[in-house]
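A.B. asks: Sequence:
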Amino acid sequence: MGFDNIARLFVAGVLFLQLHRLSALGVNELLYFRILRPPDIGYIFSAAPARDFGGDFTSSYDEIFLVPAEPADGCSELRNTHLMEGQVILLQRGGCSFVRKARNVEEAGGRAVLIADDAWDNDSQYLDMITDGTTDTPSIPALFLLGRDGMMIRRSLQRQSLPWAVISIPVNVSALASFPLQQPPWTLW
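All the letters of the sequence shown, read from the start, carry residue numbers -24 to -1, 1 to 165 under mature numbering (1 follows the signal peptide of the UniProt record, and there is no 0).
The reader is advised that the hints may include incorrect statements.
[Stated by the list, open to error] What follows is a list of derived Cβ distance ranges for each label pair:
| no. | residue 1 | residue 2 | range |
| --- | --- | --- | --- |
| 1 | Ser150 | Asp112 | 16 to 24 Å |
| 2 | Ser115 | Pro47 | 28 to 36 Å |
| 3 | Glu46 | Ala95 | 15 to 23 Å |
| 4 | Thr111 | Trp162 | 34 to 42 Å |
| 5 | Gln158 | Arg131 | 13 to 21 Å |
| 6 | Val142 | Thr34 | 30 to 38 Å |
| 7 | Gln136 | Pro47 | 15 to 23 Å |
| 8 | Thr111 | Ser137 | 34 to 42 Å |
| 9 | Glu83 | Pro161 | 17 to 25 Å |
Think of the hints as simulated: they come from the structure by calculation, not from any bench.
We put the CB at the ideal spot given by N, CA and C, even for glycine.
Assemble the whole structure, with the sequences as input and the hints as a guide.
C.D. replies: Right, here's the structure in full:
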């Protein structure tokens, strides 16, 4: 067994143990995405798919925009829909149900939605996003993002006056030997 294979097995084992410790979700239940630009947040992030609504990623996107919604909670009329068509949209938790947020993004033409926790200091606890009981559920993928990750992404884009980040989603972390070096430094893995 070569060094690369041993490194991949070690990374997968460490990742499993750390994620199992941080969340009730198993490693296979998380989805990963990588920010390609801007480089100051060029890390691999994890997100938890909604439990009982939304779709799955049927394609992999090597370069797609991650567009922060305006307003950030996505509960009222979205003001930057001209940037959302076919992109992944970043929202903040709170103000309305997860289903309502995802439905608003889908209606604006978004391809998927990442909903960041509104607890800015949350760097380890994933929430189960569940349906709100309505029958008109969205079909786009909906993912829960840790609060600190969402805050750091938004902060970087605001500081640089950028309307979006460029991401790759989903990312197969088991194929990346250098995965541990690409984690956000503020998140415990």
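A.B. asks: It remains to establish, for every hint, whether it holds in the given structure.
C.D. replies: Now the hints, each set against the structure:
1. Taking 16 to 24 Å as the suggested C-beta distance range, the pair serine 150 and aspartate 112 does not conform, at roughly 36 Å.
2. For the hinted restraint 28 to 36 Å between serine 115 and proline 47, the CB-CB distance of approximately 23 Å leaves it violated.
3. Checking the proposed 15 to 23 Å range against glutamate 46 and alanine 95 shows it holds: the Cβ atoms sit about 21 Å from each other.
4. For threonine 111 and tryptophan 162, the Cβ-Cβ distance of about 39 Å falls inside the hinted range of 34 to 42 Å, so the restraint holds.
5. For the hinted restraint 13 to 21 Å between glutamine 158 and arginine 131, the CB-CB distance of approximately 19 Å keeps it satisfied.
6. Distance hint check: the CB atoms of valine 142 and threonine 34 are about 21 Å apart, inconsistent with the given range 30 to 38 Å.
7. A hinted range of 15 to 23 Å holds for the C-beta pair glutamine 136 and proline 47, which are about 20 Å apart.
8. Here the CB-CB span from threonine 111 to serine 137 is close to 41 Å, well matched to the stated 34 to 42 Å.
9. A hinted range of 17 to 25 Å is violated for the C-beta pair glutamate 83 and proline 161, which are about 36 Å apart.
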